[in-house]
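Protein chains in written order, with my numbering: chain A, 1 to 150; chain B, 151 to 292.
Simulated from the structure, these hints should not be mistaken for lab results. Note that this is a predicted model, so its numbers are computed, not measured. C-beta: ideal position from N, C-alpha, C; glycine also. There is no bait here: all hints are sound.
Partial pick of chain A residues on the chain B-facing surface, computed with a CB cut under 8 Å:
id, residue
1, Pro56
2, Pro57
3, His86
4, Ala92
Covered, in the sense of this in silico footprint (three residues per stretch, anywhere, with C-beta under 8 Å from a C-beta of chain A), are these stretches of chain B:
id, segment
5, 185-196
6, 219-226
7, 229-239
Take a look at the letters that make up each chain.
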Amino acid sequence: MALDQSFVGRAYPPTAPYEVGREKIREFAEAVGDTNPAYTDPEAAKALGHSDVIAPPTFVFAITFKAAGDVIQDPQLGLDYSRVVHGDQKFAYKRPVRAGDRLSVTSTIEAVKSLAGNDIVDIRGDVHDEAGEHVVTAWTKLVSRAAEEA
Amino acid sequence: MTAKISYADVEVGTELPPQSFPVTRAMLVQYAGASGDFNPIHWNEKFAAEVGLPDVIAHGMFTMAEAIRVVTDWVADPGAVVEYGVRFTKPVVVPNDDKGALIEVSAKVAALLDDNRVRVDLTAMSAGQKVLGMSRAVVQLA
Numbered sequence: 001m002a003l004d005q006s007f008v009g010r011a012y013p014p015t016a017p018y019e020v021g022r023e024k025i026r027e028f029a030e031a032v033g034d035t036n037p038a039y040t041d042p043e044a045a046k047a048l049g050h051s052d053v054i055a056p057p058t059f060v061f062a063i064t065f066k067a068a069g070d071v072i073q074d075p076q077l078g079l080d081y082s083r084v085v086h087g088d089q090k091f092a093y094k095r096p097v098r099a100g101d102r103l104s105v106t107s108t109i110e111a112v113k114s115l116a117g118n119d120i121v122d123i124r125g126d127v128h129d130e131a132g133e134h135v136v137t138a139w140t141k142l143v144s145r146a147a148e149e150a
Numbered sequence: 151m152t153a154k155i156s157y158a159d160v161e162v163g164t165e166l167p168p169q170s171f172p173v174t175r176a177m178l179v180q181y182a183g184a185s186g187d188f189n190p191i192h193w194n195e196k197f198a199a200e201v202g203l204p205d206v207i208a209h210g211m212f213t214m215a216e217a218i219r220v221v222t223d224w225v226a227d228p229g230a231v232v233e234y235g236v237r238f239t240k241p242v243v244v245p246n247d248d249k250g251a252l253i254e255v256s257a258k259v260a261a262l263l264d265d266n267r268v269r270v271d272l273t274a275m276s277a278g279q280k281v282l283g284m285s286r287a288v289v290q291l292a
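Put together the whole structure using the sequences plus the hints.
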């Protein structure tokens with residue numbers, strides 16, 4: 001069943017702030033095997049001009065995807081999450097995410113399409129810090145694959 | 151922000167040092183914990199088979215995180231990456247053996263932009279297949 005076009009443009013309320021911790025960044029960097037000292041050594045990060053350790057470029061996805069859960073699980077939208085795959089991902093950074101940030105995400109549905117039985121939803125997550133400054137925007141394309149014909 | 155590479159030193163076609171990144175089941179479990187994405191298609195082969203996958207597959211976001219290391223290692227400052235986007239074209243299949251899979255990443259400067267920025271196009275392959283499409287980063291150089 002085609003998704004409801006009236007969801008295009010819908011924005012969801014900002015999420016409660018997520019506090020970015022140094023150890024969480026370290027854990028993420030270790031999990032992807034990245035030894036860049038900017039992720040783990042505050043002095044190395046400062047030498048690069050940052051006020052504290054910064055997060056790897058894809059780190060913020062964990063925060064924006066959790067926020068997108070409000071969209072994905074919106075029963076009115078009716079997306080079949082058991083059939084969802086990640087289609088595209090993009091980030092545009094105003095500045096890197098860093099330890100000590102308290103980040104809030106506002107999710108907006110940018111597009112809803114049905115193509116060959118696949119339901120496609122484009123979600124934009126605008127991430128702001130505690131001062132209300134824009135940090136990064138994440139665009140996530142989710143594809144709910146058509147169920148096989150019975 | 152301190153990129154190690156100077157805008158004046160690159161041109162369209164400049165190649166970044168390529169890298170290969172291994173991925174094993176253990177690494178996927180570690181990534182699941184660190185990222186909070188516990189989708190069983192990334193660690194449970196029975197579940198993966200039931201939803202029509204050939205085997206356990208790597209998180210797309212894991213592959214995306216590995217690929218950008220070719221860029222962040224090149225510029226030294228990961229904060230120099232101002233845009234990064236990919237399309238997940240093929241899954242990285244990770245067999246349950248000692249070797250796992252290999253993600254091979256190459257990249258080159260595709261365009262010179264304003265304000266000492268460049269667009270870098272990445273190619274990520276695994277088992278002979280392109281696993282990321284439209285994989286592009288905009289990087290602030292010195």
